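A.B. asks: For the protein sequence lines, the chains are P and G, in the order given.
Sequential numbering of the first sequence, starting at 1, is according to our numbering.
Sequential numbering of the second sequence, starting at 1, is according to our numbering.
The set of hints was computed from the structure by calculation and includes no laboratory data.
Quick caveat: nothing in here was measured; it's all calculated off a predicted structure.
Take the hints with a grain of salt, since some may be wrong.
Identical copies carry no separate label here, and so any pair may be met within one copy or between two of them.
Claimed, not checked - Below are the DSSO-like pairs computed for lysine-lysine, each with C-alpha atoms no more than 30 Å apart in a straight line:
no., residue 1, residue 2
1, Lys111, Lys2
2, Lys47, Lys101
3, Lys2, Lys103
4, Lys119, Lys81
5, Lys101, Lys73
6, Lys103, Lys73
7, Lys2, Lys141
8, Lys95, Lys80
9, Lys95, Lys2
10, Lys103, Lys47
Protein chains: 2
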Amino acid sequence: MKLLEERIRRDGVVAPGNVLKVGSFLNHQMDVELYDLMGEEFYRLFKDSGVTKILTIEASGIGIACAAARYFKCPVLCAKKTESLNLPEDVYTSKVTSFTKRKTYTVTVAKDYLPSTDKVLIIDDFLALGNALFGLMDIVKQAGAETVGIGIAVEKAFQEGGDRIRATGIHLESLARVQSMSVENGVEFAED
Amino acid sequence: MKLLEERIRRDGVVAPGNVLKVGSFLNHQMDVELYDLMGEEFYRLFKDSGVTKILTIEASGIGIACAAARYFKCPVLCAKKTESLNLPEDVYTSKVTSFTKRKTYTVTVAKDYLPSTDKVLIIDDFLALGNALFGLMDIVKQAGAETVGIGIAVEKAFQEGGDRIRATGIHLESLARVQSMSVENGVEFAED
Numbered sequence: 001m002k003l004l005e006e007r008i009r010r011d012g013v014v015a016p017g018n019v020l021k022v023g024s025f026l027n028h029q030m031d032v033e034l035y036d037l038m039g040e041e042f043y044r045l046f047k048d049s050g051v052t053k054i055l056t057i058e059a060s061g062i063g064i065a066c067a068a069a070r071y072f073k074c075p076v077l078c079a080k081k082t083e084s085l086n087l088p089e090d091v092y093t094s095k096v097t098s099f100t101k102r103k104t105y106t107v108t109v110a111k112d113y114l115p116s117t118d119k120v121l122i123i124d125d126f127l128a129l130g131n132a133l134f135g136l137m138d139i140v141k142q143a144g145a146e147t148v149g150i151g152i153a154v155e156k157a158f159q160e161g162g163d164r165i166r167a168t169g170i171h172l173e174s175l176a177r178v179q180s181m182s183v184e185n186g187v188e189f190a191e192d
Numbered sequence: 001m002k003l004l005e006e007r008i009r010r011d012g013v014v015a016p017g018n019v020l021k022v023g024s025f026l027n028h029q030m031d032v033e034l035y036d037l038m039g040e041e042f043y044r045l046f047k048d049s050g051v052t053k054i055l056t057i058e059a060s061g062i063g064i065a066c067a068a069a070r071y072f073k074c075p076v077l078c079a080k081k082t083e084s085l086n087l088p089e090d091v092y093t094s095k096v097t098s099f100t101k102r103k104t105y106t107v108t109v110a111k112d113y114l115p116s117t118d119k120v121l122i123i124d125d126f127l128a129l130g131n132a133l134f135g136l137m138d139i140v141k142q143a144g145a146e147t148v149g150i151g152i153a154v155e156k157a158f159q160e161g162g163d164r165i166r167a168t169g170i171h172l173e174s175l176a177r178v179q180s181m182s183v184e185n186g187v188e189f190a191e192d
């Protein structure tokens, strides 16, 4: 999606440690007009997948997921992150290790809101190692539902998450794929 | 907002300990069509307040804030909750004590995204004791900006937060005001 790439080039800031700061428009301050266009693009990419539910994970994917859901005319289900050990029995859970934050957390979704008949589109803002996405896919599988696709705003294509997910055969679409980035030279995108 | 009250009557579940469960449509699974109507209603209520930015706090207010922002044609700024003590200098912070979760956390907003010229509408899903809202108002004040209003989806009017905020003179609007609730009798709303 050229518009998102141009916005990242213009307003994104590369910080040391492979950090891409897009807080001015994507995940701290949120440009809802851009979100709408991203939602429309996700609809174009997945409109034939029979999506009945969009699944995201708190917090920064929520706005993008809601924008997409308006086009799909389906609800958004937001998985929660918790570090607590005592969880009720009426939730699906999956353990996720975050390398960037160096901790393990548990992703939870209430069983009531994920029936086995759901065809799920997972949406999130960033894809790097993909661990959170594997946790969400695991939950969909536990529910007996189907992950019909994954839509990502920004993929760090130089990290392994995208390849790991594509290797499973899941239909993955990233609106912007960062091939390389550096403080000196900024961001380079992968060719389509 | 009658539509929201009716939805709470129909799909809300009162659990022991004054807990109102609205996870099926408001804050775990999200009905984006309802969100749109709520956003439109917030616009009707605050359209003459000169809103330039909507401020919310992660995570469950984000979707509603984004829906409202489409009507106001302004960005959403999402304050982060953190328990960390080492924060960068480029953020405004405010300490908030959560009685329900029995812990204190720090709310942060990047200084870059909250200029003193902003007229801020704060939006959140629930209002009970109001501590998170006072933290957000504190941050707006630190920035030298102005809180022009607060829009809430569900106010627990039998708790003190609403009165505390109205006592400051801030324009507060809650789309549904729960006057009382019990496991036996369900939810009663305050008269307008």
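A.B. asks: Decide, hint by hint, whether the structure agrees.
C.D. replies: Each hint tested on the structure:
1. Only between protomers do Lys111 and Lys2 lie at most 30 Å apart by alpha-carbon distance; the minimum there is 29 Å, versus 38 Å within a single protomer.
2. In this assembly of identical chains, Lys47 and Lys101 lie within 30 Å of each other by CA distance neither inside one copy nor across copies; the values are 34 Å within and 40 Å between.
3. Proximity of Lys2 and Lys103 under a CA criterion of 30 Å is satisfied in neither setting, with 34 Å inside one chain copy and 44 Å between copies.
4. In this homomeric assembly, Lys119 and Lys81 come within 30 Å of each other (Cα to Cα) only inside a single copy, at 22 Å, whereas the closest approach across copies is 32 Å.
5. For a Cα distance limit of 30 Å, the shortest separation of Lys101 from Lys73 qualifies neither inside one copy, at 34 Å, nor across copies, at 34 Å.
6. For the identical chains of this complex, Lys103 and Lys73 are neighbours neither inside a copy (35 Å) nor across copies (38 Å), given an alpha-carbon limit of 30 Å.
7. In this assembly of identical chains, Lys2 and Lys141 lie within 30 Å of each other by CA distance neither inside one copy nor across copies; the values are 33 Å within and 38 Å between.
8. Taking CA atoms no more than 30 Å apart as the test, Lys95 paired with Lys80 passes in both settings, with 12 Å inside one copy and 23 Å between copies.
9. For the homomeric pair Lys95 and Lys2, neither the shortest alpha-carbon distance inside one copy (35 Å) nor that between copies (40 Å) is at most 30 Å.
10. When the C-alpha separation of Lys103 and Lys47 is checked against a cutoff of 30 Å, the pair qualifies neither within a copy, at 36 Å, nor between copies, at 43 Å.
Violated hints, listed in ascending order, are 2, 3, 5, 6, 7, 9 and 10; each of the other numbered hints is respected by the structure.
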